[in-house]
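J.: Please build the complex by placing chain B on the supplied structure of chain A, with the hints as guidance.
Here is what each chain is made of, one letter per residue.
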Amino acid sequence: MFNSLIARLRRRTRAWARRRHGIDSDPLVLSGRRIYIVPTRLGVAFASMLFAMFLGAMNYANNLALALTFTLGSLGLIAMHYCQRNLAGVKLASAVCEPVFAGQLAKFRIAVENLAPLPRFDIVIANDHSAAAAVRVDANARVVTEITLPAARRGRLALESFEITTRHPFGLFRAWAYLHMDLHCIVYPRPSERAMPPPPLETDTGGAQDSVKGDEDFAGLRMFNPGDPPSRIAWKAYARGQGLLVKVYAGTAVSSHQFDWDALEGLGVEARLSQLCRWIEDAFAAGRAFGLRIPGTDIPPNIGPSHRQRCLTALAMFDEATP
Amino acid sequence: MSATQSVAKATTPVASIKRPASTKQDRPQLSRATLHLIWVTGCFLLAVLPHLSSVRWWIGLLAACTAAWRLIVEIKQLPLPHRLVRAAIASIAFAAVLATYRTLNGLEAGTAFLVLMGGMKLLESRTARDLTVVLFVSYFLLFAGFLYNLGLLSLPYMLIAAWLLTGTLMLIHQASPMSIAEALRKTGKMLLQSLPIAVLMFLFFPRLPGQFWALPAQEQAMTGLSDTMSPGDVSDLSVSGKLAFRVKFDDNILPPPRERYWRGPVLHEFDGRTWRRPRYGFVERPLIATGPKYRYRIVIEPHNRNWVFSLDAVTGWPNDARRTADYQLVTTNRAISRLSSFVLESNTSFRTEGPLPKAMEKADLLLPPGRNPKSIELAKSLLAGVGSNADFVQAVLNKFRNEKYYYTLEPPRLEADSVDDFLFNTRRGFCEHYASAFVVLARAAGIPARIVTGYQGGEYNPLNDYLIVSQSDAHAWAEVWLGEQGWVRVDPTAAIAPERIERGRYTGLSDGEFGAGGFLGENPAALMVRQTWDAINTFWNDNVIGFGQSQQRSLLERLGFDDPGLTELGTALLISFVVFFAAISAWLAWQFRPRARDPIVRVYDALCRQLGKAGIVRQPQEGPNDYLLRVVAQRPELTVQINEIRALYVGLRYGPALLGSQLSAQLSRFKFLVNQLRT
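So the sequence lines, in the order shown, correspond to chains A and B. If you read the first sequence in our numbering, its first letter stands for residue 1, the second for the next number, and so on. If you read the second sequence in our numbering, its first letter stands for residue 324, the second for the next number, and so on.
Extracted from the complex, chain A is given alone in its bound form (with noise of 0.2 Å):
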C-alpha cells in the first residue's frame, strides 16, 4: 500500500521533472538544480535517534550529550549537502545501443564521467526495469553502466527516462535525478519458428558458374559452418585465437536467397516480418548471400553482418512512423 503509493508519486514527479527540462542533451552536465533529495528510512531512523537524545540531554540538562546529539546532527546535515554535490555536476553520456530481436533485453550504457578533481561514490544508474550496480567514478575518470529494458515488439524502443541516484555518504539521504534523454534501441522482430522453407536459391546469371574459381575478390570472414571446404578456412585466424572462420569471397555468390514480402501471402504483417527475419538470420550464420524485398523497401543480394543489419533493420522500422 504504502510501497504502492510511493510508485505512483514517483511517477508523478518524474512526469513532473520531463515537463521541467524536456529531452535532456547527451552527453549532459547534471545541475544541482535539477537534484531531488529526501532522507531515506535509515536517515528516519537516524533523526529520530537524534530526537531521543535531543531530549535526554534536555532532560539532563548535560550540556555534553547535547553537544554530541548537536554534532550528529549538523553531521547529518552536513552529508545531506554532500549527497547532493556527488551527483551535481556528474557528466552523463550515452553509448550506441546495439539493436536485440523481440523478446530480448535492450542494454543501453551509460557512461559516468567526473569531471571533478574528487571522486565520487556509490553512483547507480537505473530505469523502472533494472538498475546498475553501484559505482564509484574517481576524479576526472568516467565509467560505463549498463541498464536493461525488455524489448516487447519490433521496431524503436525508447528509454523513456531513467535516473541517476546516489545514497553516498551515509545513506541517510537518496538524491536523484530524473533523466530524459532521446535514447532508443533497435528492436527486430523475433524470428519465428524454423516451420517454413526457406526460398530456393536463385542463380545469380551475372556472376561466375564455377565457385571454385571466381575468388577474386576476398569479401570478409564468417563463422565456420559444417561442410565448408577445408581450404576456405582462415587457418591464420584460427591461430590468432579468433576460432574457426571461413574465407568468404564475394565472386563466389553464384547463388543467393530473395527474401519475398509477397512470397508471405497469407500471414499477418508481423508473422511476415518475423518469418523474413528466421531466413535472413539462418541465411546469414550459413553464409549465403539473400536479398530482401518487402514493401517500400529493396534490397539487393549481398553478405555480411552490415548487410544483415541493414535488412533486420529495415524489417524492424517497417511501417514504423519515422520520428
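Bear in mind the hints are in silico, worked out from the structure with no lab data behind them.
Derived CB-CB ranges, DEER-like: (1) 22/A x 409/B: 51 to 57 Å; (2) 19/A x 929/B: 34 to 40 Å; (3) 529/B x 20/A: 38 to 44 Å; (4) 929/B x 27/A: 20 to 26 Å; (5) 893/B x 55/A: 15 to 21 Å; (6) 298/A x 355/B: 55 to 61 Å; (7) 19/A x 882/B: 43 to 49 Å; (8) 394/B x 55/A: 33 to 39 Å; (9) 225/A x 914/B: 58 to 64 Å; (10) 243/A x 394/B: 47 to 53 Å; (11) 428/B x 16/A: 45 to 51 Å; (12) 270/A x 973/B: 54 to 60 Å; (13) 146/A x 893/B: 49 to 55 Å.
Lysine-lysine pairs mimicking BS3-like chemistry, simulated, CA-CA at most 25 Å apart: (14) 91/A x 107/A; (15) 236/A x 247/A; (16) 722/B x 703/B; (17) 91/A x 936/B; (18) 727/B x 697/B; (19) 509/B x 91/A.
Some residues of chain B that are not near chain A, with every Cβ distance over 12 Å (derived): (20) 392; (21) 401; (22) 412; (23) 717; (24) 783; (25) 889.
Even for Gly, the Cβ is constructed at its ideal location relative to N, Cα and C.
T.: Frame of chain A, contents of chain B only:
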C-alpha cells in the same frame, strides 16, 4: 562511431577498480562483509568501554563474549548460533538484568539493557541493516556515557568514538568500493566541518530549567557523606581526595580556615552505636547573624542527595532551596544528580534564639537506655565538678586534650557500647569518634546536643580563586544548646588535633587522587600541576558542563541583543544555520568544480578559456598543436610566447617522463608563460 570508440576505451569494469592498498597480497584477504563486521564490533566495544565502571562486571563480559563469538563465527565461517540458542541467551541475560536492577527505568539498568541488546543484535548480524542497528545502539551508549561521566577527557573520547562509528557507518553503506582509510578520512573531514554549527547550536539552543522526566537514580553509588554515622564500624567516612564542591567568594574575601565549617545533615537519634537523622521535622528557631557576611557561589559535584552544603550558618539562599530547622540547606525539588551551582550568603558568627522547642530538647537529650553506662557515669562525675554547662563542655574538651587520646584515621573497631569502648579502652579515633563521644557525654549531663556532619576547611587555588573542598575534608562536629547563647558549635576534634582545623587537611592520606601530604609536605611543582589541573577542570565545569540559561543570556547580551529571550536565541540560531549551510554548500561546489587533477592540463585549460574569451575558441576536436598554431595565425604578435607554450605543453604532456627537478622547472616556466599571457 566516435562515441562507440571512446566508450570502449573508457570502459572500466567495476571489479577492476583497484582495491584498497592496505590489503597485502601475502595475507588472506578479508571479505568486505568480514571487514565491516570487525569494524562494527570494534565500535560497539568502544561504546561499551566507558560504561564498564558503572555497570555490573558481567554486563561487560557479556558484550565481550558476544563480540568474540560473532567474530569467531565469521572468521571460521561457522553457522550463526541457532535462533533458539540466541533467544535462550537473550532471555537469561534479560532476566539477569531485571533481577539485578529490578527495573529498566533507570540509568544503569537502561545502559545494561542497551549493552545486552547490542550484543544480541551483533550475534545475529548478517546484513548491513543489522550492523546499522548495532551502530545505532553504540551511538546511544556513547550518549549514555555522558550521563555518567562529564570529565574533561570524556569529550575527546566520545568525539573520537563518534568519528570511528560514523566512519564505519559510511563504510557499511557503500555499495561501491571504498577503503576504511578513505571512509575515516572523509568522515573526519565532515565531522570537523560539522563542529562550527554544532558549537553555534550549543551556544544558542534555548536551555530549559530543570528536568521534565527524572530517571530514578537510587541505584547509583553514593559518594561523600552519608546520612548515618557509626563510629567504630569500618570507617565509612570517605578518605578519597575526590572533589566535593568548589566555592568562589565574592570579592575574594574568604573566611579564616577555623571558620570554614560546611554544614551538611544534622544527626539526632542515637541507638548506642549509630547516629541517624530525625524521623520528624522540628520547629525552627530564628537565627540571628552577628558576624561578617560572606557571599559566594558554590558548585556542588553530584551526590544524589538534596543537601546543599553551606558555610555555617547560611542566611541567604535561592528559591530552589530551603533551610531546615537544623539550619541545613536542602534543595526543594530534586536531588543533586548533576553539577549544580548555588549563590549563597552566610554569616560565620550567629546565635539562635531560645527557647529550645520541646520536641527538639527531648530528642537531643535522648540516650538509648542501658547503653554506654561507663560514659554516663563519667559525665555525671564531670558535671559534679563544674558550675555551668559551658564549664562542662570545657571540662570534656580538656579531658580529650590532656589525657592520652589520639587522632587517627585508622582506629580499631569498637565493641557494642562504642562510646564506652572508645573513651576507656581504644582512645583512638577521628572526628566521628570524638563528636559521638562528646554528644553522648553532653546528653548524659543533661545538655541538649547533636551531631553535625559536613565538611571542614578547603584548599584555596590561587590560579582561579576557588576554594576546593574534597571528600577528605569531610568532618563531624557537635552542637550543644547553652541556654541564652542557643546552639553553640563544639568541635572536639579541634581539641585533640587542632592542625586539622587550622590547616585543613591533616590526615595522613594513604590514597586518593590528590596524593598524600596536603599542605604539609607536598612539593611545589606537584602542587602547581594539581592546582592547574583543577583550574582547567573548574573552567570546564563552569563554561561547558554548567553552561545554562544565565551564561547564554550574558553571551547574547555581549553579542548586542538587548534583553535576550527566545526570539533572540531563535534569530541567532537561524542566522547561524543559513550562513553556515550556505557556506558549506558553496565550499562543496568549489571543491567539486570541474577541474583536471593534472596541473599541466589545468593550466592549459585556463589558457584555452582565456583565449576563448579573446575570441579564439578551441574546437572540441582540436589538439594543442592545431589550436595554438591557429592562435598564432590569428594573433601573430603572440607568436614567440605561444610557440614556447606549445612546445612546453606538448613536451610535458606527451613527451617522455621527466625527472623531478626538470619537471618542476618546466612546469613553473609553463605556468609563468601562461600567467604572463593572461595578464
